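Protein chains: 2
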Amino acid sequence: MSRLRPEEFEAALMETVEDALRSNGQIPVIVCGMAGAREGWKEAPYSAVPCAPPGLSEAVTPQTRDVRLQTFIIPGLKQLEPADVMRGEETQISGFLAGQPDFEGVICLPGTHTKWVRVSDRTITEFHTHITGEIFSLLSSQSVLRHSLGGEGWDQDAFIEALETVIKDPTRISSRLFSIRAKALLRNTENAYLRSELSGYLLGLELGGVGQKWLDQKTVLIGDSRLVELYRAGLKILGINAIIVDDKDITLSGLRHAYAELVR
Amino acid sequence: MSRLRPEEFEAALMETVEDALRSNGQIPVIVCGMAGAREGWKEAPYSAVPCAPPGLSEAVTPQTRDVRLQTFIIPGLKQLEPADVMRGEETQISGFLAGQPDFEGVICLPGTHTKWVRVSDRTITEFHTHITGEIFSLLSSQSVLRHSLGGEGWDQDAFIEALETVIKDPTRISSRLFSIRAKALLRNTENAYLRSELSGYLLGLELGGVGQKWLDQKTVLIGDSRLVELYRAGLKILGINAIIVDDKDITLSGLRHAYAELVR
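If you're matching them up, the sequences are chains A and B in order.
One point on numbering: in this note's numbering, the residue at position 125 of the first sequence is 125, and numbering is uninterrupted.
One point on numbering: in this note's numbering, the residue at position 240 of the second sequence is 240, and numbering is uninterrupted.
Hint data in this document are derived by calculation from the structure and do not stem from the laboratory.
Bear in mind that the values here come from a model prediction, so they are computed numbers and not experimental data.
Check before you lean on any hint, since a few could be wrong.
[Claimed, not checked] Straight-line distance between alpha carbons at most 27 Å, and here's what the computed DSSO-like set of lysine-lysine pairs gives:
1) Lys213(A) to Lys168(B)
2) Lys218(A) to Lys236(A)
3) Lys213(B) to Lys168(A)
The following block holds chain A by itself, in its conformation from the complex:
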């Protein structure tokens, strides 16, 4: 979305579906995510929580030059208070609920903008977005800390210790962050240790703020396998045994669930 103007989406889509079009007269194309943003292909106005994950009946249909394309953009969700939005995750949740329709609890979708979502009676009742991942990425690539964080190694003990430290006392986070740089300068602390520590500090700040009423629920983690393992370890410190759900096909499953409305 951030690299396409509205009139460029159709051509980008055609690159993907050309082969399928050749062997089919007309094909429905179901889209979720940022293509429905105001600056995307065509704005799909947010559905407001509490609501079920939106499907085809809430979708918008952009005009296409190629009449063989029958395109639907599924809207995202908005929450008025506290103000929050999502685009794309609602379809992942729909995919998850297609397999587990009776799920009651919290779904956490870690990523650049991690979503924490409460689900009850097939309805998304409330959600919160944390920009932990984006802050990690900016600090480790653009800030003064970048000099001390390169490489690939990982130090699980440093990660856990940093997590526990910040969950216990979140207030001193902005001086702890600078201390990462100072440790590199004064103690030649290894990059793997410092990167794991940064990750622990930032995730600790997020988990410390999720709130007890959320943590008392059954908790499911959906996302990149490396990232969900970090969240699982963090939640364990808070006494939560989160269940990891394989996310490989979950977006597809959500789109397929929407498609089922079309052919029903």
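Based on the hints, put chain B in the right spot on chain A.
Relative to chain A, chain B alone:
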């Protein structure tokens, strides 16, 4: 420092002092800050706190091709636990103490990396660096929030409310930050309001972490006038009446104080 290789410092210095050299046979040049970093002109090993602000006797002298230059680089300070470093601020503090040698209390120097420094009996006993300013700069120029923060306006009420919110409850900061973006999307909230709110959230996180034993001291603010006003407003919420010290000549005053050792 970040744009010069070690061998390029002398030429950069010459651009500044050429005129003075023409009318003087030899001139002493006193340098503070990042020129003394490991990747700078010549490393000036940190002095360890507790100590008085370092002066000429701790300085290193880089070799210069031009023999008329007599160059001294004043070292920065290090603190082993919690690990922390500064380069440049020690000379500002020296300049401040030159005028107020009996000062006892806390000096706060707001900036990209804000320094909080305890001074007692002409000695720097302890300090902490907060990277609040750098996080503000990264979030407002590089993150998803950047779309909602442009322009020049300011909303003092939004700033104060955000400060109070985070001082009271620092844990939810990473979802509050995303909420800034959501407010722009859902309520068309003005950029001035949102930028002031971001500033309040981040400064609140810093001030909430400074610690009572620091806040019980006499507090002096030294730095950019706009920034120190924000810190003063924040400290007022915590019941602290900080004194603002004009910083215009304070680095010069510190360098002059070092020079006095030379001609004594």
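Results for each hint:
1. Lys213(A) to Lys168(B): Measuring from Cα to Cα gives roughly 19 Å; hence the hint holds.
2. Lys218(A) to Lys236(A): It holds: about 13 Å lies between the C-alpha atoms, which stays within 27 Å.
3. Lys213(B) to Lys168(A): holds (19 Å)
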